[in-house]
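Starting from the given sequences, assemble the full structure and let the hints guide the process.
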Amino acid sequence: MDAHRLLIFRQIAHSGSIAGAARSLGWTQPAVSQHLRHLERQVGLALVLRRPRGIQLTEAGTVLLRHADAIATRLHAADDDLDALAQLREGTVRLAAFPSASAALVPAAMSLLAQRHPGMDVRLREAEPPEALDLLATGEVDLALTFTHAGEHPADHPGLVRVVLGEDPVRLVLPRSHPHAHAAPPDRPVNLRLLSEERWVGGCERCTANLLQTCQDAGFVPDIRHSTDDYVVTQALIARGLGIGLLPQLALDAFRNPGVTVRVAAQLRPRTVHLIHHREADHIPAVRSAVRALHDTVSPPPPGSS
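Counting from 15, one number per residue, gives the positions in the sequence shown under this note's numbering.
Keep in mind the hints are simulated off the structure, nothing from the lab. Take the hints with a grain of salt, since some may be wrong.
Computed spacing ranges between beta-carbons, pair by pair [unchecked claim]:
#: 1; residue 1: D148; residue 2: H18; range: 39 to 49 Å
#: 2; residue 1: E211; residue 2: D135; range: 48 to 58 Å
#: 3; residue 1: T76; residue 2: R139; range: 17 to 27 Å
C-beta atoms are modelled at their ideal positions from N, C-alpha and C, and glycine is treated no differently.
Shown next as structure tokens:
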């Protein structure tokens with residue numbers, strides 16, 4: 015099978031049309047169509063169905079796309095390895111990370127990488143965990159930072175390595191004027207049952223599901239009046255007394271509204287932060303360096319260690 019034509023087919027599939035692939039490649043549409051026809055003749059199966067608004071993958075096309083994505087990832091890895099040898103630097107790392115990690119954790123790790131490897135190019139793409147995994151699967155990023163809430167069980171993906179980077183505590187966020195904001199020592203947990211009559215601010219879909227489950231475990235159903243996946247907006251609403259909410263520590267590290275008070279609650283469990291990459295990426299110097307920097311940002315090594 016012609017690998018070059020396979021990558022052209024991959025571009026068609028991800029562009030959603032032959033015209034889109036032609037624009038991305040800088041080719042003419044007839045040239046792209048010719049390569050697709052040659053590939054279909056070679057495999058003996060139709061790979062796409064032409065529709066008025068683009069193309070639709072056949073079953074054979076869907077199967078072949080998975081292999082094409084894997085090949086594209088390996089080729090990118092080969093480019094990075096050769097680039098590191100040829101230019102005495104460690105190449106490019108493309109990282110997808112969820113918003114609070116992008117704001118609090120990733121900039122510190124990128125700064126650490128810049129100190130250790132000045133020639134290294136790190137590119138961040140903000141994405142919620144499901145999108146980050148899709149980007150990793152299609153070879154558009156090399157690393158994905160994701161999270162799971164307590165009780166969630168991440169699915170296993172063949173060929174991907176998932177490591178736990180650390181835990182991110184979930185905190186109760188109250189207006190500074192709230193009776194429970196200063197009713198007890200800051201380190202004494204608040205019982206969520208005492209907040210069953212409050213109005214709540216929900217977050218992203220998975221965050222709201224975690225809020226519902228947490229409150230259910232505490233014996234009540236929360237009255238969710240507002241929903242936003244922006245932790246700055248969440249804190250602004252809370253600061254104005256329009257509700258209370260739960261936020262992860264990473265979001266609070268990135269931004270803290272002076273009008274809120276953060277408390278520990280007895281029923282809250284931390285979420286787990288995961289770092290995911292393709293198994294073969296273990297052999298890419300740039301990826302190894304980025305993984306180490308992320309680990310060292312979460313758990314700094316002892317002074318004097320290498």
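Hint check:
no. : hint                       : in the structure
1   : D148 with H18: 39 to 49 Å  : violated, 25 Å
2   : E211 with D135: 48 to 58 Å : holds, 52 Å
3   : T76 with R139: 17 to 27 Å  : holds, 25 Å
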